[in-house]
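A.B. asks: Protein chains in written order, with our numbering: chain A, 10 to 270; chain B, 10 to 497.
Simulated from the structure, these hints should not be mistaken for lab results. Take these hints with a grain of salt, some might be off.
To be verified - So the derived label-pair ranges between C-beta atoms look like this:
hint, chain 1, residue 1, chain 2, residue 2, range
1, A, ASP32, B, LEU246, 16 to 26 Å
2, B, SER257, A, GLY33, 55 to 65 Å
3, B, SER257, A, ASP32, 25 to 35 Å
4, B, SER170, A, ASP32, 27 to 37 Å
5, B, GLY467, A, ASP32, 32 to 42 Å
6, A, ARG193, B, SER170, 29 to 39 Å
7, A, GLU217, B, SER257, 32 to 42 Å
As the list claims (entries may be wrong) - Computed cross-link-like contacts, DSS-like style, restricted to lysine-lysine with a CA-CA straight-line distance of at most 30 Å:
hint, chain 1, residue 1, chain 2, residue 2
8, B, LYS27, A, LYS155
9, B, LYS27, A, LYS149
10, A, LYS148, B, LYS362
11, A, LYS128, B, LYS20
No residue lacks a Cβ here, since even glycine has one placed at the ideal position from N, Cα and C.
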Amino acid sequence: MNNETIKQAPLLEARNLTKVYEDGVKALDNLQLRVHPGEIFAMLGGNGAGKTTTINLFLDFIQPTSGHAFINGIDANADPLEAKKNVAFVSENVQLYPNFTAMQNVDFFVRLGGRHQYKRSDYEAALVRVGLQREAFDKKLKDFSKGMRQKCGIAIAILKDAPAILLDEPTSGLDPKAGKEFTRLVGDLRDEGKAILMSTHDIFRAKEISDHVGILNGGVLVAQKTNAELKGVNLEQLYVEYMAGYMEETLETGPLTNNLT
Amino acid sequence: MLSILVQKELKNILLSPKFFATFLVCSILILISVFIGINEYKNSVVQFETNQLIAQQDVEQASSWMQVRNIAHRKPTPMQIFVSGLHFDVGRLSGISTFNDVKLVRSPYSDETLFAIFRFIDFAFIVQVVLSLFAILFTYDAINGERENGTLKLAFSNPVSRVQYLFAKFTGTWLGLIVPLLIPILIGLLLLILSGVPVTSSDWISIGSLIALSLLYITFFIGIGLFISAITRKSSLSFLLLLVIWISGVLILPRMGVMAAGQLVSIESVAQLEAKQEAFERARWEDYSAEISETWQARNQEMEGMDEDERRAYRDEKEWEWLEVDDAARKRVQSDIIENNRMLMEESQNKKKVQEQLAFNLARISPVSSFRLAAMNLAGTDIDLKRRYEESMRRYKDDFTEFTQKKQAESGNSGGFRIEVDSNEGVKLDFGRNDQTLDTSEMPQYSAPIVQAGTTLGNSILDFGLLIVFIIATFGGSFLAFLRYDMR
C-alpha cells in the first residue's frame, strides 16, 4: 500500500448503506466503508452477514433502503450505467456461456464492458496471465472446471481494466493451488492501483493480502482493522468472537471500527 | 452495445443443439409438406380437369336440353398447398340442374377417409403447432436461465441497460427462430416454381402475407416466453407454465370458443331443417288437397239438378277456367313452399353466421385462433369457401337454366319421356332423342369464384391486428417484469 494512494479519493465507498428486504430482514445496517486505489478491502462474515448484499448494492442489482454506494464518485444506484464502467466483478462461481469457447466468452464480456480495442493476442496474454493453458483457449466452457472458469472470470476483469474490482468469494471452492494463484493475481491487480473489495470466508487469505479487513455480522460492520493492526492479532479468534456475538466485550478492549481512512 | 448483445444471443442460439434440432425438424416438415402439397394439388387439378371433361360429355349425351344436368366442380388453388383449411372437408362438386338446389358434395376426405384420420400437415399447421413449441423452447429460460447460470449477474456488472438487454434477447431469439422457418419455406417456394404450379400475383401476395402472419405469430410466442421467463425465478417453473399456456392456447381455447358458441347459439341441424321443410310441404299439399276437394264439391253443387248432357256441357264450358284456378292454387302452394324453404334456409344461415361469428370471437381469446383464421382467409380455404362456391354455383345454375330453357324452346322438343312396358321386352324408356349430340358450344361454363389478395387481406386484417395487440401486450409485460427483475 502506497501512502500517496491513500490520499486519493476512494474508488469504492459505502455511505450509510442500509438494506432492508421486503420481508423485513435487515441485511445491511448503516455500512460505512472506503476502498482507495491500490487497496484490498476484505469483508469477512458468515452466511447472511451482508457481504453479498454489499456487492449487489454496488452493482445496482438491488436498491438501497437508505444510504449510497459510490463507484469512483458515481452513485451506483442513481447512475448505474456510468458507475459500472468503473468496476469489474468476479463472482463466487463464474458462469459463462457453455456453448462458447473461452476466447468467445472473454470477447463478449470484455466488449460488453466497453473495451473494443483488444485483439486476440491481448485476450491470449490475459488468459496466459491468469494461468489458463493455451490449449483451453478455444475449448467450449462446458468442459471447464470451476478453477478454469474463475480464471476466465478474472481475465475478463483484468481486460475490462476498470479502476475498481468487486470479488464475491472468488476463491470459494478452489483447490489450494488455484486459490494461491488467484490470490497472487489479486495482489498484482492491487499493485497496479486497482481498488478491490472482496467478500470471503477465507480468514487467512484475507489477512495475507488485504490492506483492510472488515467483519460483518447481521448486516453490521462490527470490526475493521488495517493490515498493520492485524499484525500479531489472532484474526481467527477475533472473527470467531465477533461471529459468536461477543462484540460488546471486544469493543471494550479497544476501538475496532473507527479505522475509516 | 445492442449489436454486441444481439450477436451474442444469435451466436448462442446458432451454436445450441436446440437450434440444430429446430432447423432439422422444420426443414424436414416444411419441405415434405410442400412436396406432398404440390403433388396433392397436381392430382386435384388432373381430377378437376377430367371430371369437367366427363361432365361436358354427359351434357352432350343428354337426350334434350330439358334433361341436361351439369356438374360444377370446385377448382383447386395453389394456396391449398400451404393452408389446406377446409379444402379437404368441403365437397368437390355439385349437380347443376333446373330442379335441384346446389349442394357441394363428395369432399376429398369423404372420398378417402383414411387421410381424414391423420390429416395433412400443411405449412400453417407446422407454424401453428411446431414452431410455436420451438419458440417456447427457445425462450422459456431466456431470463431466469441466465440468472440460474450466473451469466445475468456478470452481464449486468457491465454498463448494460435492461431495455437493451431484453430487446437484444428478443432480436437474437427472433432471428434465431426465423432461420429455421424462412430457409425451408424459401426452398419450398423454389420447389413450387420449378414444379410448374401456376401461381398468380395474387397468390404471391397471399403467400407473402402468410409468411408475415407466421412471423407475427412466432413473435407472439417469443414474447410470451420472455414474459413468463421474466416473471419467474426458475426455468423449470417457466417451462411448466409455458407448456400449460401452449396447450391451452393451441389445443383447448380455440375449441372451447367453438363449443361455447354452439351452446349459446343453437341452430338446427340440416336434418332438422329438412324435416321442417318437408313438414311444411306436406301440410301445404294436404291443405291444397282439401282446398281442391272443397272446390270440386262446390263445382259439383253448381251442377246439381243438371242431367248428364248438361253437366258435360257445363264442364266443357268451365274446364279451362277451372284448370286455371286449380293451376293457380297449385302454383301458390309451390310458391309458398319455395318461399318457406328460402325463409327457413335464410333464417338458418343467419343463425349460423351469428354462431360462427360468436365462435370466432370467443376463440380469438387465443392468438392461435387469430393465426388460424387469418391463414385460412389468406389461402381462401376459410369458412366461407363452401358458401362462396355454392353462391357462385347458384348464380351459374340460373344462367345454365336460362340457357337450357332457351335452347329447349328453340329445339321445340317437349323434353318428356315415354315408358313402355312390354311383356316380352320389359320396361323401356324412350326419351325421343335423336342420335346427335347436343351442341354445347354456347353453353355457359362454370368459373370458380376468384378471391383477390386484397379481399383476403381485408378479411384477415382483424386477426393481424389482434396478433399485434397480443405481441404488444406480451412485450410490454416482459419489459415491465424485467425492469423489476431481481438479478440475484
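A.B. asks: A separate judgement is required for each hint: does it hold in the structure or not?
C.D. replies: Comparing the hints with the structure gives:
{"no.": "1", "hint": "ASP32(A) <-> LEU246(B): 16 to 26 Å", "verdict": "holds, 20 Å"}
{"no.": "2", "hint": "SER257(B) <-> GLY33(A): 55 to 65 Å", "verdict": "violated, 37 Å"}
{"no.": "3", "hint": "SER257(B) <-> ASP32(A): 25 to 35 Å", "verdict": "holds, 33 Å"}
{"no.": "4", "hint": "SER170(B) <-> ASP32(A): 27 to 37 Å", "verdict": "holds, 28 Å"}
{"no.": "5", "hint": "GLY467(B) <-> ASP32(A): 32 to 42 Å", "verdict": "violated, 55 Å"}
{"no.": "6", "hint": "ARG193(A) <-> SER170(B): 29 to 39 Å", "verdict": "holds, 36 Å"}
{"no.": "7", "hint": "GLU217(A) <-> SER257(B): 32 to 42 Å", "verdict": "violated, 59 Å"}
{"no.": "8", "hint": "LYS27(B) <-> LYS155(A)", "verdict": "holds, 25 Å"}
{"no.": "9", "hint": "LYS27(B) <-> LYS149(A)", "verdict": "holds, 17 Å"}
{"no.": "10", "hint": "LYS148(A) <-> LYS362(B)", "verdict": "violated, 63 Å"}
{"no.": "11", "hint": "LYS128(A) <-> LYS20(B)", "verdict": "holds, 19 Å"}
Violated hints, listed in ascending order, are 2, 5, 7 and 10; each of the other numbered hints is respected by the structure.
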